[in-house]
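A.B. asks: For reference, the chains in residue letters:
2 protein chains.
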Amino acid sequence: MKYCIGVDVGGTSIKMGLFTVEGNILDKWEIETRRANQGEAILPDIAASLKEKIEEKQLLQTEIKGIGIGIPAPVTGDGIVKNTANLGWGYKEVNRELRELTGLEVQAGNDANLAALGEMWLGAGKGQKNMIMVTLGTGVGGGAILDGRALVGANGAAAEIGHICVNYHETKKCGCGKTGCLEQYASATGIARLARMRLAWDETPSVLRGKKIDAKAVFDALKEGDAVAEEIVEQFGAYLGHGLANAAIIVDPAVIVIGGGVSKAGDIMIPYIKKYFLEKAFFANRETEFMIAKLDNDAGICGAAKLIIDAVTGK
Amino acid sequence: MKYCIGVDVGGTSIKMGLFTVEGNILDKWEIETRRANQGEAILPDIAASLKEKIEEKQLLQTEIKGIGIGIPAPVTGDGIVKNTANLGWGYKEVNRELRELTGLEVQAGNDANLAALGEMWLGAGKGQKNMIMVTLGTGVGGGAILDGRALVGANGAAAEIGHICVNYHETKKCGCGKTGCLEQYASATGIARLARMRLAWDETPSVLRGKKIDAKAVFDALKEGDAVAEEIVEQFGAYLGHGLANAAIIVDPAVIVIGGGVSKAGDIMIPYIKKYFLEKAFFANRETEFMIAKLDNDAGICGAAKLIIDAVTGK
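Taken in sequence, the protein lines are chains H and X. Taking the numbering used here as reference, the numbering of the first sequence is continuous, increasing by one, and the terminal residue is 360. Taking the numbering used here as reference, the numbering of the second sequence is continuous, increasing by one, and the terminal residue is 360.
FYI, nobody ran anything at the bench for these hints, they're computed from the structure. Be aware that a few hints might be false.
Given that identical chains are not distinguished, each listed pair holds provided it fits within a single copy or across any two copies.
What the hints assert, rightly or not - Straight-line Cα separation of at most 25 angstroms, BS3-like style, residue types lysine-lysine; simulated pairs:
| # | residue 1 | residue 2 |
| --- | --- | --- |
| 1 | K218 | K320 |
| 2 | K257 | K218 |
| 3 | K127 | K174 |
Remember, it's a predicted structure, so these values are computed and weren't measured experimentally.
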């Protein structure tokens with residue numbers, strides 16, 4: 046069996062990729078996520094699109110190892126989703142339903158965990174077996190790889206790094222209902238909030254004043270040498286570094302990969318994170334390497350493809 | 046192969062157990078830990094004691110699956126120890142050396158991780174596949190089981206729960222060199238420190254005044270209804286509950302098992318821990334069960350026996 050398929054279901058689009066089992070992407074494409082009627086069309090749409098692609102490429106069903114699929118929600122080891130914030134699904138047996146629709150083996154997983162698996166297989170974590178990935182986007186997602194396998198957990202909710210508490214004195218609530226979550230400081234929206242608070246604090250001149258404040262503006266200002274932007278990034282680094290140190294105490298990773306839209310600012314952010322990571326890291330974790338993610342939006346389909354390869358080969 | 050052996054190496058004694066592969070303890074015994082000369086006698090002493098036991102029981106070498114061995118230090122997946130605080134060892138290839146001494150298969154692991162594995166196999170976590178165990182003794186140790194396997198990590202230092210930061214404002218240093226570690230508040234010594242600080246704070250009457258202050262005295266006073274003791278246990282519960290909530294965000298366990306000397310106080314401590322756990326737990330982890338450990342000092346040998354069974358059967 047030479048091929049496998051990776052699917053990454055998002056709230057607005059579904060990404061799909063056809064891979065060789067060695068990790069070459071032969072083709073990738075997207076379809077719309079139709080969320081109406083509790084998202085009942087999502088899995089049939091995926092099955093129809095895959096059928097079309099398999100016919101177009103003139104592949105035999107028997108040449109395909111199966112389908113890995115990432116879902117933006119907790120997913121149990123059996124591929125069961127209990128609820129989703131963005132797809133309309135309630136309880137859904139993803140493995141079973143998509144298997145029945147396609148006749149192929151299916152393994153579902155959490156999208157952030159699969160992005161981590163993808164970066165381990167083909168990206169920044171290539172060759173590593175113990176890795177944390179943190180995804181800094183609108184929120185903060187996380188995945189952890191231990192001994193080459195993505196953590197799943199009892200409820201499919203392992204490695205939810207964005208909700209580690211890094212500030213026991215916060216009064217504002219996170220989207221999850223708790224206070225002091227890493228996501229409140231290290232997401233794109235969190236960085237913009239840190240920036241607005243710093244700018245309101247005093248009148249120190251800054252290129253940020255009068256501009257639209259977002260994470261990109263803050264890192265652009267840092268690159269220009271703006272002192273206020275540096276203070277903001279220092280704060281971001283402290284929360285993220287401390288949160289990752291606590292995650293590393295549990296996972297003991299060789300490498301921490303930083304992905305998501307915010308990570309496009311690049312390597313300039315790493316020293317600010319690492320400084321505070323080392324402040325709270327256990328001695329055994331002090332050599333942990335930091336890297337920026339490499340696969341961008343393809344991490345999810347890559348990780349999904351790897352998941353089905355491992356599931357079918359019983360790894 | 047009907048039998049396996051579990052060994053738990055401590056700083057003063059080495060515990061050993063002969064098990065059936067189904068998990069029945071047929072015999073257990075102890076020998077002294079001879080730490081002189083960089084602990085060079087430790088592995089030969091274990092081999093000699095096992096040889097004697099195997100002859101005494103008239104077992105055949107071929108009936109024995111192998112030896113699992115817990116070490117009070119980080120241990121890599123290959124059974125390599127780089128350093129130990131209590132045994133005198135520097136670099137040591139435990140799997141290889143003990144295999145050469147005994148002719149049996151050997152797998153070494155970290156003692157706290159193996160205690161967790163033991164509680165999962167035969168104790169409080171029986172039947173669970175996702176579990177955290179925290180051991181409240183002189184220090185705070187930890188182990189995590191994910192999908193039935195003990196976490197190891199890149200440096201053999203996974204699940205070092207005692208060194209999660211739970212107080213970013215602490216100024217006193219932990220034994221590990223950092224500040225604000227869970228161990229500073231939830232170990233036996235940590236609880237005694239919280240008690241001394243509370244008693245020095247004001248003059249509120251308490252049965253603890255004038256007594257030798259240790260963790261047992263605090264929990265005994267709580268059982269008598271002492272209000273100051275309750276404040277101390279409340280603080281202990283806050284630090285431990287918050288630390289465990291952060292650990293659970295990474296591991297997503299079905300159950301958290303509390304072991305070690307401090308846990309002998311029993312179920313009375315659980316509501317104090319759970320209250321603060323729920324304050325910082327991610328929504329997916331709110332059903333996590335709390336249990337007191339059941340195997341006491343046997344957890345280590347049980348987990349070691351399970352480790353070698355899994356290693357030999359390639360689980």
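A.B. asks: What are the numbers of the hints that this structure violates, sorted from low to high?
C.D. replies: Going through the list in order, the structure violates no hint and respects every one.
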